[in-house]
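Each chain, letter by letter, is given below.
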Amino acid sequence: MNKINQISSLVICTVLMTPYSYASDGFFDWMSSTKRMKGIEAIDDKVYNEECGACHFAYQPGLLPQASWKKLIDPKALEDHFGDNAELDAETHKHIETILLDKAADKSHYKRSRKIMASLDKDSAPLRISEIPYIIEKHDELSSKHIKDNPQVKSLSACAKCHQNAEQGEFDEDNVRIPGFKQWDD
Amino acid sequence: MPLLQSATVLNATGESTSSVDTAFKEPWFTANKWHQYFGLGSLALATLTAIVPKPSEDDPETGIHPTLANSAAILGGAAVASGLVFHYEDLSWKNFTKNPDNWHALLGALGTLGYVAAIADAPDGNHPTYGIVGAVSMLAAIKITW
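Chains A and B, in that order, are what the protein sequence lines are. Residue 85 in the working numbering sits at position 85 of the first sequence, and the numbers go up by one each step. Residue 1115 in the working numbering sits at position 115 of the second sequence, and the numbers go up by one each step.
Because the hints were derived from the structure by calculation, they are not lab data. Keep in mind that a hint or two might mislead.
Said to hold, decoys possible - No farther apart than 25 Å at their CA atoms in a straight line, the calculated lysine to aspartate or glutamate pairs in the DMTMM-like style are these:
(1) A:K38 with B:E1026
(2) A:K38 with B:D1090
(3) B:K1094 with A:D89
(4) A:K70 with A:D89
(5) A:K35 with B:D1090
(6) A:K94 with A:E50
(7) B:K1098 with A:D172
(8) B:K1033 with A:D89
(9) B:K1094 with A:E50
(10) A:K107 with A:D121
(11) A:K122 with B:E1089
(12) B:K1098 with A:D102
As the list claims (entries may be wrong) - Distance windows between CB atoms, simulated:
(13) A:S157 with B:I1051: 46 to 54 Å
(14) A:K76 with B:P1027: 43 to 51 Å
(15) A:M31 with B:P1027: 29 to 37 Å
(16) A:D102 with B:N1095: 19 to 27 Å
Unchecked claim - Derived coverage of chain B by chain A (criterion: at least 3 residues anywhere in the stretch with Cβ under 8 Å from a Cβ of chain A; other residues may be distant):
(17) 1092-1106
(18) 1127-1133
Since this is a predicted model, take the numbers as computed values, not measurements. The beta carbon of each residue, even a glycine, is placed where N, CA and C say it ideally should be.
Build out the structure end to end from the sequences listed, making use of the hints.
In C-alpha cells form, the structure reads like this:
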C-alpha cells in the first residue's frame, strides 16, 4: 500500500510539472540542475563583454528574444546601431552572433528570460530591452528624478547603474541601489 | 570614452550622499528573503518529518514527528501568505502557462495543502502520500524560482 502511495505521488507530481515543460529542449537538464537560474544567464566571454560593453552595459543575450538579436546583429544594422557605428570584423561578428542566438531569451531556462518571453506577444521582436512590457512594468514606480534627471543614470538602458549585480545577471529588487538615493524599498 | 559610463563623474543631486563606489552588500533580511526562508524552511521541516522516528500508535499526537509536521505547515502557510503579499504583481492571467511565477505559486500552495492534508489525515495509513506530494510540490515550486 505504501509503495503504491509513493509511486502515485510521483506520478501526480510529474503530471503537474508537464505543462511547465512547454516547448523546451533541455527541460530535464534544467530540472536536475541545482544551479541558481533565477536571473538572466551571465556571459563570461571576453570578446562579447569587451565589444558589446564598450559603449554601454554588456546586455546579456537572455534579455531579448532571438528575433530581436537577429535584427540587431545584422551587419548593415550594426553600421547604424542607435546612431552609432558598432561594426564588427567578420570573425568577431560570427563569434558574437553565435552567443546572442544561442543564449537568447527564448532559448533560456533562466527565470527572468522566461518572464520577458511571457510578457511579449508572439512574434514580437523589440530592439530595446527598455521596451519590453515586463521591464517597463517593473520600473513603473520610478520617475524621472531617478532616471532621466539623475545625472548618474540618465537612461533606463543603463541597467548596471542601479542593479549592482547586473553583470552576474542578477536583477533582484534586493540588489538595487539607485545612485544618489537610499536603498530601494517599495 | 563610453557614453553612458562617463556619467559617473558627475555629482548626484539626489536625496542622499551614498556613493555608488562603495562595495554593494546584499541585505539579508528583506521581504523577499523572508518569503524565501519560509519556503525553504517548510521543505526542510517536511523532509525531517519524514525521517524522524514515528510516534507510537497509542499516542500519535505527541513526539517530534507531529511537531515538525505542524511547523512545516505553518512555515508553508507563511510562505504562501508572504508570496501573495509581496509578489502578487508577478502573477498574471496573460500567457498564463508561460509565466513561471504562476507555476511557482500554484505548486507552493499545493505543497502547503499537501502538508495540511497529511496532518488532517494522520495517523491514517494514507497520510504519508499527502505529505510526499506536498514536499515534492514545494521542491518544484522552489526550483522554478531558484
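Now the hints, each set against the structure:
1. A:K38 with B:E1026: 16 Å, holds
2. A:K38 with B:D1090: 14 Å, holds
3. B:K1094 with A:D89: The hint is violated at about 42 Å.
4. A:K70 with A:D89: 17 Å, holds
5. A:K35 with B:D1090: Judged against 25 Å, a Cα distance of about 22 Å means the pair holds.
6. A:K94 with A:E50: 15 Å, holds
7. B:K1098 with A:D172: Within the cut-off at roughly 20 Å; holds.
8. B:K1033 with A:D89: 45 Å, violated
9. B:K1094 with A:E50: Violated, at about 38 Å.
10. A:K107 with A:D121: 16 Å, holds
11. A:K122 with B:E1089: 22 Å, holds
12. B:K1098 with A:D102: 20 Å, holds
13. A:S157 with B:I1051: 46 to 54 Å: 51 Å, holds
14. A:K76 with B:P1027: 43 to 51 Å: Given a distance of about 46 Å, which is inside 43 to 51 Å, the answer is holds.
15. A:M31 with B:P1027: 29 to 37 Å: For P1027 (chain B) against M31 (chain A), whose Cβ atoms are near 30 Å apart, the range 29 to 37 Å holds.
16. A:D102 with B:N1095: 19 to 27 Å: With Cβ atoms ~24 Å apart, the hint holds.
17. 1092-1106: holds (count 9)
18. 1127-1133: With 4 residues close enough to chain A, the hint holds.
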